[in-house]
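Asker: Residue numbers (my numbering), protein chains in the order written: chain H, 1 to 205; chain U, 1 to 205.
Since the hints were derived computationally from the structure, they do not count as laboratory data. Be aware that one or more of the hints could be misleading.
Identical chains blur together in the list; that is why a pair holds if it fits in one copy or across any two.
Stated by the list, open to error - Simulated pairs of lysine to aspartate or glutamate, DMTMM-like, Cα-Cα distance not exceeding 25 Å:
#1 K186 with D114
#2 K186 with E145
#3 K189 with D165
#4 K174 with D100
#5 K153 with E25
#6 K146 with E24
#7 K153 with D173
Since this is a predicted model, take the numbers as computed values, not measurements.
Protein chains: 2
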Amino acid sequence: MNRIVTVGREFGSGGRELGRRLAEELGYEYYDREIIEQIAEHTSFSEEYIHQIVEGRRHRLYPITINHSFNFTSDDHARIITSVYEAQSEILHQVSQLSDCVIVGRCADYYLRDQNPYRIFVYADLDSRVRRCQARSDGAGQFTEKEIIRHIKRIDRHRARYYHDTTGQTWGDKRCYDLCVNTTGKEIKALVPHIAALLREADEP
Amino acid sequence: MNRIVTVGREFGSGGRELGRRLAEELGYEYYDREIIEQIAEHTSFSEEYIHQIVEGRRHRLYPITINHSFNFTSDDHARIITSVYEAQSEILHQVSQLSDCVIVGRCADYYLRDQNPYRIFVYADLDSRVRRCQARSDGAGQFTEKEIIRHIKRIDRHRARYYHDTTGQTWGDKRCYDLCVNTTGKEIKALVPHIAALLREADEP
Numbered sequence: 001m002n003r004i005v006t007v008g009r010e011f012g013s014g015g016r017e018l019g020r021r022l023a024e025e026l027g028y029e030y031y032d033r034e035i036i037e038q039i040a041e042h043t044s045f046s047e048e049y050i051h052q053i054v055e056g057r058r059h060r061l062y063p064i065t066i067n068h069s070f071n072f073t074s075d076d077h078a079r080i081i082t083s084v085y086e087a088q089s090e091i092l093h094q095v096s097q098l099s100d101c102v103i104v105g106r107c108a109d110y111y112l113r114d115q116n117p118y119r120i121f122v123y124a125d126l127d128s129r130v131r132r133c134q135a136r137s138d139g140a141g142q143f144t145e146k147e148i149i150r151h152i153k154r155i156d157r158h159r160a161r162y163y164h165d166t167t168g169q170t171w172g173d174k175r176c177y178d179l180c181v182n183t184t185g186k187e188i189k190a191l192v193p194h195i196a197a198l199l200r201e202a203d204e205p
Numbered sequence: 001m002n003r004i005v006t007v008g009r010e011f012g013s014g015g016r017e018l019g020r021r022l023a024e025e026l027g028y029e030y031y032d033r034e035i036i037e038q039i040a041e042h043t044s045f046s047e048e049y050i051h052q053i054v055e056g057r058r059h060r061l062y063p064i065t066i067n068h069s070f071n072f073t074s075d076d077h078a079r080i081i082t083s084v085y086e087a088q089s090e091i092l093h094q095v096s097q098l099s100d101c102v103i104v105g106r107c108a109d110y111y112l113r114d115q116n117p118y119r120i121f122v123y124a125d126l127d128s129r130v131r132r133c134q135a136r137s138d139g140a141g142q143f144t145e146k147e148i149i150r151h152i153k154r155i156d157r158h159r160a161r162y163y164h165d166t167t168g169q170t171w172g173d174k175r176c177y178d179l180c181v182n183t184t185g186k187e188i189k190a191l192v193p194h195i196a197a198l199l200r201e202a203d204e205p
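Bound-form chain H, shown alone (with noise of 0.2 Å):
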């Protein structure tokens, strides 16, 4: 079986970069939500997919990808929501077959729970992760503060509510994580290597 390594991470508190250095680090593949997003783009059954929901069409969904088969009413947007998740966990597990990965997101941690993920939750105080943000070269320096602050929230209320409606669990409670690495102050780069230490210790048999 291969190994897998999950991340969840409050926004701006650098779990991708934590997640993208500790696969370079391991020599794993890496994930996050934008790549699964591309695989699920340029997957053929879930273009078709993609396709039913924009249109909110009536439409028999593609078996392969949901696991059943049920069509589309006006009020069963609970379940468009649940056949999205569904596609997304198909693709995370087929991911996480093809080699030993680290999955950034996507509720990767609940989905491929089977396989025994090493889980970790990246977080950090406010300030912190607001300092992180402006530090940032993706044009976050021409928000305020106060601006940025609203998105952190905006985004990690955000990837709470859909944790919670994916896992029935609570996002960031540590019970739900094997490591909770609190980073303010702290730099990433300097982390990954014990971080990959402590993973490789939980390999051992």
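Could you slot chain U onto chain H? The hints should help.
Answerer: Only chain U this time, still in chain H's reference frame:
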């Protein structure tokens, strides 16, 4: 300034073993509840102090212990408890001045917050904690699983209340710690060198 590591832990999670081994690994002094209480008992001011509490007499407390003095009254239980905490805080500050150290429990993460301690919280699934208790050589083997669970929950309720009363924070809330380690299915001994490496990293300027 000496380097301080604090370890909060759920009962049966192996947190004390982790703290002790971490101290060995780092070459730091080690303190836990028993040791702090022994120090309190053998400190001249606190012998008198503890005697007062046991006797429940009206008495002027030793000023060094509590930084101010007042008289006991029959309805002053909360203030007595506060004074016990303050005596422990005083001892924690004293030992933290002596050398680098690992301190298990006693809300040391909170009391010594001005010294920027590296704060660890150790936890585990209930099943894992029961098994760890059963494997101990201190006679836990004579109790039924149900009795051990009841004991675990009682101790943890007490710790949670003690932590909350002292700090105003929630015991085990990951925001209060730098690292939260789930020991379910893990061997403490194997984790320690990597946790030591992580916190050495945190000490780097």
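Asker: Confirm or reject each hint.
Answerer: Now the hints, each set against the structure:
no.	hint	in the structure
1	K186 with D114	between (32 Å within a copy, 18 Å between copies)
2	K186 with E145	within (21 Å within a copy, 41 Å between copies)
3	K189 with D165	neither (33 Å within a copy, 37 Å between copies)
4	K174 with D100	within (24 Å within a copy, 28 Å between copies)
5	K153 with E25	neither (31 Å within a copy, 40 Å between copies)
6	K146 with E24	neither (34 Å within a copy, 46 Å between copies)
7	K153 with D173	both (17 Å within a copy, 19 Å between copies)
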